[in-house]
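Student: Chain by chain, the residues:
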Amino acid sequence: MNLAIKDIRHNLGRFVLTSVGIGMLMMIVMGMSGIYRGIIEDATLLIDNIGADIWIVQHNTRGPFAELSRVPQNLIHRALAIPGVVTARNFVQHTIQRRNKGKRLRMTVVGLDWPIDKGKWVPLVSGRILNQNHYEMIADKSLDLRLGEKIKLGKNTYTVVGITSSMISSGGDGIGFFTVQDAIEIQFDTSGEAVRLERISRSVRVEKSDLGLKQPSLIEFASQESSQVPALASPQASSVILKLGPGANLKQVMNIIAGWEDVSVYTSEGERQLLLKGSVEKVRKQIGLFRILLTFISAIIMALILYTLTLDKLHSIALLKLIGASNWIVLKLILQQALILGILGYGIAYFLGQKIFPRFPRRVILSNDDLLQLAIIVLVISVVSSFLGIWKALQVNPNEALN
Amino acid sequence: MADKFAIQAEDLKKIYGSGNTEVAAMQHASMHVAYGEIVALLGPSGSGKSTFLTAVGLINPPTSGRIKIRGQLMLNGPQPMVDLKSIRRKYLGFVFQRSNLIPFLSARENVQIALEINGYSPQDSRKRALELLNELGMGDRADNFPSMLSGGQQQRVAISRALANQPVVILADEPTAALDSHLGRQVMELFRDLAHKHGTGVIIVTHDQRALDVFDAIYEMEDGIIELRQL
Ligand SMILES: Nc1ncnc2c1ncn2[C@@H]1O[C@H](COP(=O)(O)OP(=O)(O)OP(=O)(O)O)[C@@H](O)[C@H]1O
Ligand SMILES: [Mg+2]
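Chains A and B, in that order, give the protein sequences.
Under my numbering, think of the first position of the first sequence as 98, with each following residue one higher.
Under my numbering, think of the first position of the second sequence as -6, with each following residue one higher.
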């Protein structure tokens, strides 16, 4: 006869309620690690998926994710010249906040170096990758854009041709994928009027200068579009990413690039670490501490519950001892209830989590490692927190059954 | 010689509390119960009957005196000489003044647990528990929880439990107080048959003067002292 189960059966309602309470508490502990995993996954999804071995960024910066980075335009050609490099792509990333159909649209714009990179690596939920050099975009689900929707950013209108999911910048904004050209255009979008005024003022400056008077053709130049003016630097990419061929020596390539004085270079893993250290580190600590705190609180609550459950049974325990039951029988009764409570709570936590977490605005990832870790923690808590009750039960004198 | 006795209580003394709250519940209390003998213990309230019974039952050790069961020394004063718990489990059966059942177990399970902790298989325990309950007229209430039973019914379950392991010694503190006189007598006769058939030594504290004829001997307790009533 299993006394633990008999007792639970007799106080079923209370026990179920207690388990649900414990389960919800555990669900939050579970959620905490899930949120943490989610943040890391979201933050590194792009780096992990884009298929780059090496990231070249502005000299002495930790860009392009942790901070702003600008690299010279010819960098891509220099990089391609290194033996072992198979592809070199420009990479652009910046965050914009505009209005779209009366709603705020906050989006991290990522530029893909079309046609080398059409976004094949972007996990699509629906739609397709970028088929042309201009005016198409792949939008993350969180941006709330529909397939086929047209949005106006700056002077141009872009059509959503694909929907992806879980593509989130480290700041938590949904990513929109464009071609590099479009991405830069969106970033340096200036209104028609501003462009006109800039051209006029440029012409005026040139006309007034000696240079302009001596060389009238310069005035002609100055009134052109900015990108056509040789003296003005063209907009720059955030970084250049390289893919190495099979058998290429990563170290060697890294060393060559490290020798260039205008850029810094990181491996994909290095870039990943930069990103995590930069923007995710604090969140990680915050959530980690919270999780530890919650685990302690759960342990204390479990201990109190098991203690009261034991107190309620003291008379029965005394009686069991009186009729000669060994301490082991009493200990088993309490320990088994602790484990049942823990396991049930864990099950409820998992079940509820599966239902509730997907409704959260950001991903909550229940990794098997975390689940296993929590399961072990729960087992340990169950056992440890039953000590108080067991201690109390072992103190009980069989005499007390007679009071 | 000593082998003839199931229970020997020699010169038991019990003092509760200390200082000016000191109560001497037992003084020079002695009693010998042979195998197969059933004795009654009478006495006014507060005379120390329950104190004596719990001392002999190895639950509430005396301040001084010696308790032997089956000729073996169990308690030398408050000092246990053996593992009291296993002696209680194997050789003693209790029925207490107030019914003492485990509230979360059914009537049948309350009897069954006593058998299981003594090493019987759950199946055998279950079967024997039902037999005992039937014997005490509780067969149809076997699945009821104590809270659904009357005081007398609870007492009968407690008696079934006390008998379950066929103990060498049965100690019962007013087991029939909550029963009607007919059933009360029936229970007393059950105890007597048990004593005579199985050689069990039985001590019963009772106030019921009408059933005294079932006993082999009658002791009276007053102010902590036990005396044999001369028949
Ligand atoms: N745990 C205790 N602490 C202090 N005094 C106690 C305790 N138990 C019993 N006593 C005292 O010891 C004396 C004997 O009590 P006991 O319960 O043995 O009497 P009793 O003969 O069984 O009475 P009743 O017929 O009312 O059950 C009483 O004066 C009682 O107050
Ligand atoms: Mg009494």
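Heads up, a few of these hints could be off.
What the hints assert, rightly or not - If you anchor each label on the Cβ, the simulated ranges turn out as follows:
hint	chain 1	residue 1	chain 2	residue 2	range
1	B	Gln223	A	Leu428	28 to 36 angstroms
2	B	Ser114	A	Leu436	19 to 27 angstroms
3	B	Gly70	A	Trp488	46 to 54 angstroms
4	A	Gln470	B	Ser11	50 to 58 angstroms
5	B	Thr56	A	Leu428	27 to 35 angstroms
6	B	Ser114	A	Val481	28 to 36 angstroms
7	B	Asn13	A	Trp488	30 to 38 angstroms
To be verified - Just a few of them, taken from the derived set where beta-carbon distance is under 7 angstroms, the chain A residues facing chain B:
hint	residue
8	Arg293
9	Ala400
10	Gln492
Hint data in this document are derived by calculation from the structure and do not stem from the laboratory.
For each residue, glycine too, the CB sits at the ideal point set by N, CA and C.
Student: Please go over all the hints and tell whether each is borne out by the structure.
Tutor: Status of the hints after comparison with the structure:
At roughly 51 angstroms, the beta carbons of Gln223 (chain B) and Leu428 (chain A) sit outside the given window of 28 to 36 angstroms. Take Ser114 (chain B) and Leu436 (chain A): their Cβ atoms lie about 25 angstroms apart, and the range 19 to 27 angstroms holds. Our hint of 46 to 54 angstroms for Gly70 (chain B) and Trp488 (chain A) is violated, since their Cβ atoms are close to 28 angstroms apart. At about 54 angstroms, the CB distance of Gln470 (chain A) to Ser11 (chain B) agrees with the hint of 50 to 58 angstroms.
In this structure the supplied range 27 to 35 angstroms holds for Thr56 (chain B) paired with Leu428 (chain A), their Cβ-Cβ distance being about 31 angstroms. Taking 28 to 36 angstroms as the suggested C-beta distance range, the pair Ser114 (chain B) and Val481 (chain A) conforms, at roughly 34 angstroms. In this structure, Asn13 (chain B) and Trp488 (chain A) meet the distance hint of 30 to 38 angstroms, their C-beta atoms being roughly 34 angstroms apart. This hint is violated: Arg293 (chain A) has a C-beta 88 angstroms from the nearest C-beta of chain B, more than the 7 angstroms allowed.
Taking 7 angstroms as the C-beta contact cut-off toward chain B, the hint placing Ala400 (chain A) at the interface is violated, the least distance being around 22 angstroms. At a threshold of 7 angstroms, the smallest CB-CB gap from Gln492 (chain A) to chain B is about 15 angstroms, leaving the interface hint violated.
In summary, the numbered hints that this structure violates are 1, 3, 8, 9 and 10.
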